[in-house]
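My request is simple: use the sequences and hints to build the entire structure.
Protein chains in written order, with my numbering: chain Y, 1 to 391; chain H, 1 to 391; chain C, 1 to 391.
Each hint should be verified, as a subset may be incorrect.
Because identical chains share one entry, a pair is satisfied inside a single copy or across any pair of copies.
[Said to hold, decoys possible] Restricting the straight-line Cα-Cα distance to at most 27 Å, the calculated cross-link-like pairs of lysine-lysine (BS3-like) are:
(1) Lys316 - Lys354
(2) Lys380 - Lys9
(3) Lys275 - Lys68
(4) Lys316 - Lys182
(5) Lys9 - Lys141
(6) Lys130 - Lys354
(7) Lys354 - Lys68
(8) Lys124 - Lys69
(9) Lys130 - Lys141
(10) Lys319 - Lys141
Keep in mind that the hints were calculated from the coordinates and are not lab data. This one's a predicted model, so the numbers in the text were calculated from it and none came from an experiment.
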Amino acid sequence: MNNCDILDKLPEKEKNGLFGKNFLRTWDMSDSDIESVARSACALKALRDENISPKIFDSGIAVSMFSKKDAGMELAFASGCDLLGLTIIDMNKKLGNSNINETAGMASYMADALGICESDFIEKSSRYIKRISDSVEEAQKSGVIAQKPCVINLGSDEDSPVQTIADLQYMASRFGGIENLKGKKIAVTWAYSPDGTRSLAVPQGLLSLVTRFGMNVVLAAPEGMDLMPGVYERAEKNSAESGGTFARTDSMEEAFADADIVVPINWAPFSFLEKRTELSAANLGTYIDLLEHELRENNKQFIDWEVTEEMMEKTKDGKALLMHDIPADVTDISCIRGEMTAQVYNANIESLLKETGMRPYVIAAMILLTKSEDPKAAFKTISEKATRRYF
Amino acid sequence: MNNCDILDKLPEKEKNGLFGKNFLRTWDMSDSDIESVARSACALKALRDENISPKIFDSGIAVSMFSKKDAGMELAFASGCDLLGLTIIDMNKKLGNSNINETAGMASYMADALGICESDFIEKSSRYIKRISDSVEEAQKSGVIAQKPCVINLGSDEDSPVQTIADLQYMASRFGGIENLKGKKIAVTWAYSPDGTRSLAVPQGLLSLVTRFGMNVVLAAPEGMDLMPGVYERAEKNSAESGGTFARTDSMEEAFADADIVVPINWAPFSFLEKRTELSAANLGTYIDLLEHELRENNKQFIDWEVTEEMMEKTKDGKALLMHDIPADVTDISCIRGEMTAQVYNANIESLLKETGMRPYVIAAMILLTKSEDPKAAFKTISEKATRRYF
Amino acid sequence: MNNCDILDKLPEKEKNGLFGKNFLRTWDMSDSDIESVARSACALKALRDENISPKIFDSGIAVSMFSKKDAGMELAFASGCDLLGLTIIDMNKKLGNSNINETAGMASYMADALGICESDFIEKSSRYIKRISDSVEEAQKSGVIAQKPCVINLGSDEDSPVQTIADLQYMASRFGGIENLKGKKIAVTWAYSPDGTRSLAVPQGLLSLVTRFGMNVVLAAPEGMDLMPGVYERAEKNSAESGGTFARTDSMEEAFADADIVVPINWAPFSFLEKRTELSAANLGTYIDLLEHELRENNKQFIDWEVTEEMMEKTKDGKALLMHDIPADVTDISCIRGEMTAQVYNANIESLLKETGMRPYVIAAMILLTKSEDPKAAFKTISEKATRRYF
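Laid out in structure tokens, this is it:
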């Protein structure tokens, strides 16, 4: 497998910039740190596939807090933590808990990782995760906790670093390395879903990340389906710096034309999410129902934003890599009309599963890199001990 | 303890028919595979009782999906998996999820075992479990997962192989070996419960299993309390082949007469379950309530189908082994009138606990036998290492 | 760190009075057993802080049963059990389950620890925990289980031994040893909370415990805010025996005057809890709502029972140690008016987190001391092996 030549590429001990860090947004990380996570994820997968256990913890707790159900990410977090030897405690903590210090403090007494998924509230969600993260750092400084857990954003209003680094690594494994992504065309496009209220974390996170690696990025969305304001600027700036391009269009066809990679994904417009956040703060549940109803009615005019076999034909040699942070809304399988047809979905399901299958390894990589002062030595020890995962 | 002379009796490496297999129904398994599971369960229990840890996994995940609460089986699955070193993730996945490939795929990314309990829908429940199982196999073939989890049916509309193999092993331990069950009379009889909506898995599974070992099996039930059509034929065929007998009666007394083993258990008639499945598919909840009400009213005429001390007196020397997949509905303890009196229950509670206490070991045995290419060698290693479970 | 010179102070093998025991109430334990738990908790914390793993289980299950959510104690139980190598299974079992033998039996099949939190019903809650505990002992005697789990009360109507021993150890670490608590003044005082229905476990448990160590204990509460009748006598008897004092007052100021330690905490009066238990038994939910409404209305006259900076000024040098089994009801943070002001809370949050941070270690200590025939040898082995918790 590509991109996991870990012992050569990992930073030396004195340069491990991730030691003691948290993972809230990829744009707070350096390119080389992102590559370290991707490479380490790849290496961890290779080890496990060969039945070698990369367990670095003899005991330890990982705490997850999901504000709403996300079975896939919950499994990913649990699996990734288990791989390193951590036991998962699920707290299902909701935003709105007024006493973050206590929550964070108690959750981190003995935790080596804190995974938080909280995406429903514009600005508030990421501020909540940031405050937990700050509070954990204070708890360490003041001696409340001897070892700081690594705080991982499992999906906020802004970003989903686990998903996007998993995607980066998956693309790297398909195209022969991160360096080979340079010049590849990737289409990130809005797609229709009858629900319509998905968060912006993945599209925003993807645009913010892939533009850093010299890709030709096209964002396609119907008029009004805006992301958070800062995203476009960040994507442009990244592209300019990395030697890639960033373009926007309101045509899925245009985006798909000759694309190497396509990422159809539904999201709710920023203006809707902003308004819903306000209504929620004011406890106006009835108006939220109304607002969501209006959104769904409005979305119906974009019902043709669906990936069909014809649409896939337009891509590079008709064989673009299709990516999605499943579960997807699939026409005739999970709904009457969705993000893609059943044919397209069925033709790509194995790849989609392999893509999201990277998530546990990205999570494990994040924890390993933040907990090990010398990750290179840790990998060396794991390889040399070569403990069988099962016999 | 009987029946756990594991090193002599386990199949050689080249004959381990269970490697890579799943456990959906006992009638898809050979006699010798069933005996291997029972023997291995016994051996695992003996090891643990001597404080020897049979942990074969250094890390790993077991995923459970229960469509409704079943505290006993949940604990059994968790305990059995933990014994081998697996961490349990509970998904509480409901039937009706339209996208089984995704569910199965994500659940099995890193899982070594998938336990599924889904019994409410005639035909649909077992089809659901089968589709998960097929999907997991496809995921392995296509390289989505490097190691296939063992899929275990923890209770379907058809069978409950964990419970019935646990029962087989428990009977074997009480009568000096599976071979000694030959010629023993076992009465599987319907018993009254105020709820009345229990699934058919256990009575059907028991009849299908014990008839294979030369027992004299009597099924007693009031008129109309039918099982699924195929069960009677299977029981007859099995009995004919194994040198046992299979008879039906509508008298609990007749069934209990001179019985070595009695299994009083409530179940809902097949016709009711079939109708409820239809109403559920049509989303007719009100009619389901009505249907259940009618069932309970109808059941009241069978309120005397209760195991009393007098009834127990009729059994072989008045001392038949009483079995039940507890929790039981006990008169004066959990209800006004139930499957057995408090006296009978209290006189047998230790044995009932020992019986269901075999379940974790059966689950562990299933996983060990499907994950180890050479289970004999695995047991040898466990015995020789003799790692203390705790010090 | 003080008080954890474990190898010198732990009882010799032949005197380990805790082997095979349960932890329901501190007043059933000897002083030396309580000190053993406190010291062992301290030692376990010291080991973990030095990255040494005190894992004594290779595999094993700990079952928790919480009748209502208590995130802090759930995390403490999970963390403490994990430290020793046990996996946590959460049963969320409610009081009212009629068949305690089955529950206890199934929960203890393979469990090494059972943690139960059930505090809502006067007398019934502790009787429930006692019956589980008795039932587990019977299961062992009759051979149903080979190894008895340690039953731990995580909060009942009477006591909360984990919290109070954690508090004892925390005070010991702050004042240089348990022996230095002699003569220190501790004020346990009722404090206002808008909810008002908290259980009596912590104030009762604290009074019953700290009076055994020669402290000068003052209990302050508004008229009518009574504890269970037996508590006052026990506190008086303990104080007389230990050379301390026990006094009661209806003035928070008086209690705080020159105090070394203050413990502001809300509780519901015994008479209210007794009445609510009766109404609950009679299924009179509407009257419970009414009763709780009356309690809250009545409590409003005591809204000034709030710890302010002025109140803290009255304590010894204005610097008393403030303790609370967080989460606390804090004015302007979690409510309009609560047990203490935000200033007081913020000035003490680190200490509060350290205090409750002792709970996981107390739980681990309890399990280790009851499972190890020779805890001294166990600690020696842990120290000598010095397995790194993570690398």
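Against the structure, the hints come out as follows:
Taking the shortest alpha-carbon separations for lysine 316 and lysine 354, only the intra-copy value of 21 Å comes in at or below 27 Å, while the best inter-copy value is 59 Å. In this assembly of identical chains, lysine 380 and lysine 9 lie within 27 Å of each other by CA distance solely inside one copy; the values are 13 Å within and 41 Å between copies. For the identical chains of this complex, lysine 275 and lysine 68 are intra-copy neighbours only, at 20 Å inside a copy versus 35 Å across copies, given an alpha-carbon limit of 27 Å. Taking the closest pair of Cα atoms, lysine 316 and lysine 182 come within 27 Å of each other only inside a single copy of the chain (16 Å); across copies the shortest separation is 68 Å, beyond that limit.
For the homomeric pair lysine 9 and lysine 141, neither the shortest alpha-carbon distance inside one copy (32 Å) nor that between copies (32 Å) is at most 27 Å. Only between protomers do lysine 130 and lysine 354 lie at most 27 Å apart by alpha-carbon distance; the minimum there is 22 Å, versus 31 Å within a single protomer. In the homo-oligomer, the alpha carbons of lysine 354 and lysine 68 lie at most 27 Å apart inside one protomer (24 Å), although the nearest pairing across protomers, at 30 Å, exceeds that limit. Both within a single protomer and between protomers do lysine 124 and lysine 69 lie at most 27 Å apart by alpha-carbon distance, with minima of 19 Å and 25 Å respectively.
For the homomeric pair lysine 130 and lysine 141, the shortest alpha-carbon distance inside one copy (17 Å) is at most 27 Å, but the shortest distance between copies (42 Å) is not. Taking identical chains as interchangeable, the C-alpha atoms of lysine 319 and lysine 141 lie at most 27 Å apart only when they sit on different chains, with a minimum of 22 Å there against 52 Å within one chain.
Checked against the numbered hints above, the structure breaks only hint 5 and satisfies the rest.
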